[in-house]
Amino acid sequence: MTKYELRIIKSKVISVILTFITIVSTFPFLLVLYFIMKNGISVINWEFLTSLPKPVGEPGGGILNAIIGTAILVTIALILSVPFGILAGIYLAERSETKIAFISRLVSEILQGVPSIVIGIIAYLWVVKPIGYFSALSGGVALGIIMLPLVIKSTEEILKLIPHELKEASLALGVPYYKTILKVMIPAGLSGILTGVLTGIARIAGETAPLLFTAFGNPFLSFNILKPISALPLLIFTYAISPYENWWAKAWGASCILVFFVLSLNIITRLISTRR
Amino acid sequence: MSDIVLRTENLTASYDEHIAVKNVNLSIVRNKITAIMGPSGCGKTTLIRCFNRMHELSPKARVEGKVFLIENSNEVIDIYSVDPMLVRRKIGMVFQKPNPFPTMSIYENVIAGYILNGIRLKKSDADEIVEETLKKVSLWDEVKDQLRKKGAFLSGGQQQRLCIARALAMKPDVILLDEPTSALDPVATMKIEELLEQLKNTVTIVIVTHNVGQAGRVSDYVAFMYLGELVEYGPTDVIFTRPSHEKTEEFLSGKIG
Amino acid sequence: MANQSTKKLELSKDSLFNLLLVVSAVLLVMLGVGFFLSLFQASLISLKEFGLSFFVKAEWDPVQERFGALPFIYGTLLTSFIALAISLPFSIAISIVLGEYFQKGFFAEVLRYLTELIAGVPSVVLGFWGLFFLVPIIRELEMKFDLPPYGVGIFTASLILAFMILPYSASIGKDAMRLVPNELKEAAYALGTTRWEMIKKIMLPYARSGIIAGIILSLGRALGETMAVTMVIGNYHGIPENIFSPGNTIASVIANEFTEATGEVYLSSLMYLGLTLFIVTTVVNIIGRFVLKKLQSQR
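Protein chains in written order, with the working numbering: chain L, 1 to 276; chain H, 1 to 257; chain A, 1 to 299.
In isolation and in its complexed conformation, chain L is listed as follows (with noise of 0.2 angstroms):
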């Protein structure tokens, strides 16, 4: 065998590898996914669903107060962060050069990378602690603030792809500065933003950490946002660190809802942004 062959045996041994490596690093997820079905699927019925829990040692009884509560927690965040989260995302691709848009720019950047936990912190201070007690207002808040920069972004980043000659194009018909950014490029850039919102969404859906001391949890059904309230992940932990094998079980179901709910999220916002 020639010294070339042999280097290209090497080159050819060392792709194996690699291709093997990553396959490897693909069973955690598999792993968590099959025991997430495995142990969650038999759990979840109609009554699992639609039912509040019941206490511990009696059969039955469902998460229906999480789902509840999720729904409106997300709510809640969607509320405070997207209209703000778009305009911000305006001015800064409309003026990207100023110094305002420079700060707070950066602002969106160090947010983005806040460990949620400090963000929990800071909704306790904001909302709890004026209030007196915890709330879902105060659990909306922080997942509020954790979606923002992620909206703020995907919005800038759209619009600053979108032509040129359309804005102007625009304009020279005579519309409004205002009316052009509301009804020609936002619209041009709507797929994007959705993107944000939806990849938003997946990710504070699953956030446990900020609720802990906002939203903090409620067995019961709640419609008071200035109340506590559960939420699936909050559900999941108080459960799955319970000593109780019926609520490990309810836990895995929970887990095998919201994993299912974020993964399709993430699936449908990947689907979304390689159409466009």
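No wet-lab data here; the hints were simulated from the structure.
Be a bit skeptical, because a hint or two may be false.
Covered by chain L, according to a simulated footprint, are these stretches of chain H (three or more residues, beta-carbon under 8 angstroms) [unchecked claim]:
id	region
1	51-59
2	110-118
3	166-173
Pairs of lysine-lysine, BS3-like flavour, derived with a Cα cap of 25 angstroms [what the hints assert, rightly or not]:
id	chain 1	residue 1	chain 2	residue 2
4	L	K153	A	K294
5	L	K3	A	K201
6	L	K160	H	K97
7	H	K90	A	K13
8	L	K160	A	K294
To list a few chain H residues with every Cβ distance to chain L over 10 angstroms, as calculated [stated by the list, open to error]:
id	residue
9	I4
10	H18
11	G65
12	S138
13	G216
14	D220
For every residue, glycine included, the Cβ atom is placed at its ideal position computed from N, Cα and C.
Given the coordinates of chain L, assemble chains H and A onto it according to the supplied hints.
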């Protein structure tokens, strides 16, 4: 020159420190085609962007001097003393690259000026405007069965004619065309040039081009700009046969540009 | 043509819209500044009481109200760096495989999804899985090696962290590899190199700053990751003896004790921990983004 529609007085325009248009005095004749030609970077695009106040949208842009629009009713408007949005509805613009709105259908693109400005049209009026305008730009027969589709499947030339239609639909006094054929193939270019000839009965046309041939083919009047200054302006046949300025002659013979 | 009064309205709507844009940008800045100030103010009691000795003292005693964060800082750094070390070879392998061997096609797409989707699994679910799947395995391993069979501990937490951060570093690394200009690769092939030699000598050096940025940004993630770590680290307040001992991280202490904290000094010390975490992750992230931006501005 009798019937003037657009007149500039000592118009100077700059970006930051760079003066793009120097002290231009120019009168555009109604219902004629005026070509503004010159080598790239001579300020011809900036000049027409001053006519409909698009220039001021560029960062650090400045304009001095005056531009007057004389409407059919002989009312004179100092365009820098009124709302720019009003000016832009009276003076339409077509750009280098065809830019129909991607989120709108062909039908909506034609009346985009109305839709976006929030001017409500009766269905019958809208239909009429769309049909009439698309006929004017000879696009009607090609798209009449696909009006509700988005314009992305149209060819570049068709898209550009759609953009001309979009400007015409607002019934402007003047339309400004900024090198409208530079992104098109020769056949599509020829179609647009023929179209302009038909349109001048209803609207005054100002076309920017760096293509001498195009200026010669389509225009009634021609202005030659060089380094931001208006070098020469007059009837096209006069300028093309007996240019009075050395630079104009050099440009026409292809020595500069 | 619209009449003059509606025109005026449009004009004022335009300035209102512009104002709205400026206000939202300014509000964002205020949010950032307020964020830091609130956290700082809440930490003040503890900050005055313990100062910088907070970072070098190892006692955490709510009864005596004496607080030092050393074990948690140690635990945070230890878990994060072990996680980085575990994920690094995988991250580089994925970067090479998806950045060069399989750039397009069905297999590449599936592989990319599978390597990235774990980032979408909520932290609490990973922790739950870790508790019921990983912890028993680690416990058996520990028994084989005559270690105290906790199951939970620094190593278990690091392992889960490694799974969690892998998608971040791998995806940034992959992007960096794909940005290597084709001409460079072809130039290497034209000199008779094999594919692996080309990767090693041309692509990896070229993509180096991207790979480093990915590592730094995933470190930022690891430092602040809370739930999964909290569930499997064992929540022990002392300094861990070895990497299989139980421990705590800054984030896990906050998660566990925040709602139970009684007394101003206790709560303020938890805030101080939060402030520390905020500052450290922010610095790490800014460095990571700076490296990434330098890479992007290279071209």
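Hint-by-hint comparison with the structure:
no.: 1; hint: 51-59; in the structure: holds (count 4)
no.: 2; hint: 110-118; in the structure: holds (count 6)
no.: 3; hint: 166-173; in the structure: holds (count 3)
no.: 4; hint: L/K153 with A/K294; in the structure: holds, 19 angstroms
no.: 5; hint: L/K3 with A/K201; in the structure: holds, 19 angstroms
no.: 6; hint: L/K160 with H/K97; in the structure: holds, 18 angstroms
no.: 7; hint: H/K90 with A/K13; in the structure: holds, 21 angstroms
no.: 8; hint: L/K160 with A/K294; in the structure: holds, 20 angstroms
no.: 9; hint: I4; in the structure: holds, 22 angstroms
no.: 10; hint: H18; in the structure: holds, 18 angstroms
no.: 11; hint: G65; in the structure: holds, 21 angstroms
no.: 12; hint: S138; in the structure: holds, 21 angstroms
no.: 13; hint: G216; in the structure: holds, 27 angstroms
no.: 14; hint: D220; in the structure: holds, 24 angstroms
Hint compliance for this structure: every hint is met.
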